[in-house]
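Chemist: Below are the chains, spelled out letter by letter.
Number of protein chains: 2
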Amino acid sequence: MAKKPLILVTNDDGVNAPGIRALIAVMNTIGDVVVVAPDSPQSGMGHAITLYSTLFADPVKIDNGPQKEYSCSGTPADCVKIAIREILDRTPDLCVSGINHGSNSAINVIYSGTMSAAIEAGIEGIPAIGFSLLDYSNNANFEPAKPFVKTIAQQVIKHGLPEGIVLNVNIPNVNYKSIKGIKISRQARSNWVEEFDKRQTPQGKNYYWLTGKFVNLDEGKDTDEWALENNYISVVPVQFDLTAHKFINELKTWNLND
Amino acid sequence: MAKKPLILVTNDDGVNAPGIRALIAVMNTIGDVVVVAPDSPQSGMGHAITLYSTLFADPVKIDNGPQKEYSCSGTPADCVKIAIREILDRTPDLCVSGINHGSNSAINVIYSGTMSAAIEAGIEGIPAIGFSLLDYSNNANFEPAKPFVKTIAQQVIKHGLPEGIVLNVNIPNVNYKSIKGIKISRQARSNWVEEFDKRQTPQGKNYYWLTGKFVNLDEGKDTDEWALENNYISVVPVQFDLTAHKFINELKTWNLND
Chain A
31 MAKKPLILVT
41 NDDGVNAPGI
51 RALIAVMNTI
61 GDVVVVAPDS
71 PQSGMGHAIT
81 LYSTLFADPV
91 KIDNGPQKEY
101 SCSGTPADCV
111 KIAIREILDR
121 TPDLCVSGIN
131 HGSNSAINVI
141 YSGTMSAAIE
151 AGIEGIPAIG
161 FSLLDYSNNA
171 NFEPAKPFVK
181 TIAQQVIKHG
191 LPEGIVLNVN
201 IPNVNYKSIK
211 GIKISRQARS
221 NWVEEFDKRQ
231 TPQGKNYYWL
241 TGKFVNLDEG
251 KDTDEWALEN
261 NYISVVPVQF
271 DLTAHKFINE
281 LKTWNLND
Chain B
31 MAKKPLILVT
41 NDDGVNAPGI
51 RALIAVMNTI
61 GDVVVVAPDS
71 PQSGMGHAIT
81 LYSTLFADPV
91 KIDNGPQKEY
101 SCSGTPADCV
111 KIAIREILDR
121 TPDLCVSGIN
131 HGSNSAINVI
141 YSGTMSAAIE
151 AGIEGIPAIG
161 FSLLDYSNNA
171 NFEPAKPFVK
181 TIAQQVIKHG
191 LPEGIVLNVN
201 IPNVNYKSIK
211 GIKISRQARS
221 NWVEEFDKRQ
231 TPQGKNYYWL
241 TGKFVNLDEG
251 KDTDEWALEN
261 NYISVVPVQF
271 DLTAHKFINE
281 LKTWNLND
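Residue numbers (this note's numbering), protein chains in the order written: chain A, 31 to 288; chain B, 31 to 288.
Treat the hints as calculated values from the structure; they're not laboratory data. A couple of the hints might just be wrong.
One copy or two, it doesn't matter: identical chains are merged, so the pair holds either way.
Said to hold, decoys possible - Subject to a maximum C-alpha distance of 27 Å in a straight line, what follows is the list of computed DSS-like cross-link-like pairs (lysine-lysine):
| id | residue 1 | residue 2 |
| --- | --- | --- |
| 1 | K282 | K251 |
| 2 | K210 | K282 |
| 3 | K276 | K34 |
| 4 | K228 | K210 |
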């Protein structure tokens with residue numbers, strides 16, 4: 031029998047979040063699982079790394095599954111780095127991040143700790159997937175997502191992924207029968223219209239809370255937003271070469287060296 | 031006489047860093063300058079935003095220049111959001127971030143607070159540039175960079191930038207006469223080989239410091255790394271549509287819906 035794949039699991043909602051518990055349960059049916067996840071929620075951390083403080087990574091036992099688990103004081107990207115360099119004894123066959131409580135579709139991929147962990151693994155040459163469910167609540171129902179998460183993970187193990195590419199998977203918040211299937215998509219052009227809730231401290235000093243409304247600016251039917259609005263699971267291949275190659279030739283015509 | 035351009039200046043090393051002082055001095059020769067920058071260093075923060083704590087943005091006076099300045103308790107991306115929504119009375123004509131103390135070339139763009147501020151402005155439709163000097167020290171010499179920073183900023187104001195694209199500018203740490211010019215480049219394929227310095231607390235608990243060595247894996251002569259190694263300033267057009275469009279058709283052939 032072939033050796034079982036080694037699967038690294040992480041997230042940005044913290045090692046105790048229901049979403050990572052669901053992801054671990056699925057991965058235990060596919061391979062040998064090691065969890066290295068933040069000890070507290072890290073949402074909105076983008077691709078932060080910890081340069082100027084110490085990192086802890088302590089073994090923990092959270093449920094009765096067969097996985098090994100570590101609780102790490104760092105960001106999602108830190109978790110992947112420390113897992114690869116210090117915890118795992120070989121390179122994992124797959125890294126999965128999530129299941130995030132809330133969407134990482136469209137422009138949200140930029141702010142996403144879930145996706146930063148997947149990208150960090152991708153930089154290391156490890157096939158990687160970020161999973162997110164469109165329900166921010168702590169008691170979100172991850173059961174309908176599980177069979178799809180399993181299929182996508184198995185397909186990535188089977189096919190591998192090209193160098194420089196990871197997958198961003200978002201799952202609509204509906205029951206199993208309502209999910210119409212999986213759509214390969216592109217990142218929708220979108221925006222957050224932020225509003226700052228301006229308040230005063232008891233001492234009379236101004237401060238702000240960041241709030242905002244997501245706006246989809248893209249009418250294409252090939253986007254992740256369209257897929258999700260129509261009860262499909264969106265799968266966007268994501269690259270971390272950020273070069274806008276198409277603009278290079280035009281930029282070369284500017285008078286920058288005069 | 032045409033109205034002077036409104037220029038938003040930010041960074042990730044903090045409002046008191048020498049690099050942002052140099053950038054402000056240059057921008058004061060081009061337009062009306064408003065500075066909204068972090069009150070403390072934010073390096074390695076990636077595209078973090080502050081969702082779960084309060085934000086302060088207080089007027090400050092740091093030098094004798096004509097610019098207005100605000101010191102903000104948030105990340106670089108927060109600074110841009112709060113500037114646009116709460117501080118500025120019109121949309122700026124340009125947003126510049128930096129000059130960062132240290133490189134943001136190659137894969138470092140992913141971890142860069144400097145570039146996250148530029149990208150945040152780009153998402154808002156504002157032409158934006160991140161500037162970085164390849165010298166991490168606090169007493170780095172920004173003088174040789176200044177004429178080039180001015181030229182690039184002026185050209186961006188003149189031409190504008192296409193939707194979805196910002197510029198990542200890195201400047202070699204050499205004297206003015208040694209800078210050979212400006213090269214439009216692509217992001218080099220590269221990696222950090224992290225090492226974790228493992229230590230023990232006085233109580234005997236393990237902890238880690240993240241350290242590492244940058245490795246350029248790309249032999250191309252059209253990369254930012256090549257430009258910098260050969261004493262050119264690199265200018266990489268950066269996009270925040272992360273979709274790996276070239277992989278979409280292949281991904282559609284996988285059996286994801288069986």
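Chemist: Is it within a copy, between copies, both, or neither that the alpha carbon of K282 lies no farther than 27 Å from that of K251?
Modeler: Close across copies (15 Å), not inside one copy (34 Å); limit 27 Å.
Chemist: Classify it for me, K228 with K210: is the Cα-Cα distance of at most 27 Å met within a copy, between copies, both or neither?
Modeler: neither (42 Å within a copy, 48 Å between copies)
Chemist: Checking an output row: K276 and K34, CA cutoff 27 Å. Within, between, both or neither?
Modeler: Classified as neither: same-chain Cα gap 42 Å, cross-chain 31 Å, threshold 27 Å.
Chemist: Between K210 and K282, at a C-alpha cutoff of 27 Å, which is it: within one copy, between copies, both, or neither?
Modeler: between (46 Å within a copy, 16 Å between copies)
Hints 3 and 4 from the earlier list are contradicted by this structure; the remaining hints agree with it.
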